[in-house]
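Can you make the complete structure from the sequences, with help from the hints?
First residue of the sequence shown: 0, per numbering that gives the first Met the number 0; consecutive thereafter.
Any given hint could turn out to be false.
Stated by the list, open to error - In silico BS3-like pairs for lysine-lysine, Cα to Cα no more than 30 Å straight-line:
no., residue 1, residue 2
1, K156, K168
2, K156, K178
3, K157, K147
4, K152, K168
5, K448, K410
6, K157, K168
7, K152, K178
8, K410, K230
9, K168, K178
10, K178, K147
11, K410, K450
12, K168, K147
13, K178, K142
14, K230, K404
15, K256, K147
16, K157, K142
17, K320, K448
18, K178, K157
Rather than coming from a laboratory, the hints here were simulated on the basis of the structure. Source: prediction; values computed, not measured.
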Amino acid sequence: MADDNVQRIVIVGGGAFGGLWANHLLEAIIQHAHERYSDGVGPVEIILCDKNELPVDGTGSPTINGGLAYGKQASAGRKTNISLERMNVSFAGVALRDNFIDRDTGRSRANRILHSAVVRHEVTDFLQERLQYLQSISSSNIKFRAIKGEAIKARNKKDCDNCHEITIKTGDGDEDFIKIEAHHIILAMGHTGHNREVAVIKQFFIDNPALEHDYFPSATYDASNIDIPEKNNTVLILGNGLSAEDTEDEWRQRGYKGAIIRLSNSSQQHFQYPKGRGVRTDIDLPAPRFLQRNPSRFAEGSRRRAHEERAMVREAIQEFKQLTGYRFNHKRGCFTEGAKSQFLKAALSRTLYPEEVLSQWEHHTPQIMERVGYERFFQLYKRFNSVITSMRVGAANDIIARNRKSRSRFKTDFVAGRITEIRRDWTRDRDGFPYIVPGYLVYYTPTDKPKETHVLRVHKIVSSIGPDFSLVTDASPLLSDMLEMNAVRPHNSGFGLDVDFEGRARCDGLHGGATIWTCGTLRAGAVIMGQTNEYRSFVGPAAINFPRNNALIRRSVATLVYDLSAKASHARRKADYDRLHWYEKKIDF
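As structure tokens, this is what we get:
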């Protein structure tokens, strides 16, 4: 059995966020050990786990994984179009600069990496090299190791206060797993799929296990075993992508003749591009026209600035229409039917597809945000991005054709909205007394009327928004497990942990959550930018995620390291607590 005196920190996720956590923790612990009035933090072991293969450096030491967003799995030529300086990622001191020498030129790479746009995997390379450097200067009682495995379960350890037993699956066999006693768990899975609607639905059926036969997560159920509902019943299918199209086709093929409701954020019906051309990646568009507008007008007052922002949005939509042929309804988040039919008729002659334009505009994200404002930018970003899921190049032509044919015979409605609550359906008898009837009341907020609440009466619910969002796939077994323990909950932006100011979870399932930490979209405070609380986390391109979430990680690390200082006296703990803000400035990564 491992040494009970060692305090273990398990970081779940080996991508960019996991690398940031590991780097910040090592540096903070090292600096804390050299404090004049500090007794150190005692033996500490940091364990980083990721389900993908972890790279190994030349010395055989494990390093953090590249991840999908910033790793070597991404295209080597794909630029983030932002520098680490803009990401608020910087070197900590001149001594560290000297440790980043280009092997070919013999010169320091610090200035180039800091001030110029970088290839995506360079961000992870930078984190890996810095992590190796911190390991080399750390004392013997500070250990770091990385393991290949997937965290699937976390439970309170009965014989240890504020300790958790986290289960990590290391292989495909039933016995290929290890259990680690962890004093702190950090959820750093990055921006994997998080969907509030799925969390709301699953939470309802967790609370009502006898009704699970009416809920079908699309990644797990077998369509051949479905008991086909009666014709007067209604089936709710969540999603508008290919998974939802497959689900609708499956139910119709099995003989279901009742009504189907397709609920999604945009209600955009799926349509495929004709076969003939794929999405090109070798194009180079100029910057959007609206960036050429005079920014000096912003100084003339908030009303003038708001007017300019609206004008820029209108110009962006107009340019988008000229480039692609799509007329976009940015308030509802979908393309108009007329524009769709016109586009399909001339699709092969069009120069650009929407994905091609949006991927080019993404390179100018920092400038666009500065010009149109954070809040308006993210409103557009989310709405443009949501409709892309309804388009595929030459995909599922036969399924789409069958669904269109079946919709001429059977009722299929498309609804745009976000689910807020699910309840049992009920009615009243002749004497006026209420009683439960088969079915469910699904309350939702319409996309174009966010202040209203509407209700749908359904009998079966199918989650078909894709495997990455289903909460039942291999992508999120730990989150699914924590949802059942009421440690992860739905919130306005998706689902995640309800955290305090320092990033600690406030939940009931795992020792009150005092030793569970997270960043990114897993924080229940995740909102679009433009809100007043700068310490909330955000969803979007790297230019946004890194600066704000990096600051959140620094704050969390400062508090976590303070908690690790178990040997310090009460007076010294008080002094350390007063210096928390000093740590944030000192940890200048």
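Each hint, compared with the structure:
no., hint, in the structure
1, K156 <-> K168, "holds, 18 Å"
2, K156 <-> K178, "holds, 11 Å"
3, K157 <-> K147, "holds, 27 Å"
4, K152 <-> K168, "holds, 9 Å"
5, K448 <-> K410, "holds, 24 Å"
6, K157 <-> K168, "holds, 21 Å"
7, K152 <-> K178, "holds, 9 Å"
8, K410 <-> K230, "holds, 11 Å"
9, K168 <-> K178, "holds, 9 Å"
10, K178 <-> K147, "holds, 13 Å"
11, K410 <-> K450, "holds, 28 Å"
12, K168 <-> K147, "holds, 9 Å"
13, K178 <-> K142, "holds, 18 Å"
14, K230 <-> K404, "holds, 18 Å"
15, K256 <-> K147, "violated, 47 Å"
16, K157 <-> K142, "holds, 26 Å"
17, K320 <-> K448, "holds, 25 Å"
18, K178 <-> K157, "holds, 14 Å"
Figure legend: structure checked against the earlier numbered hints; the only hint not met is number 15.
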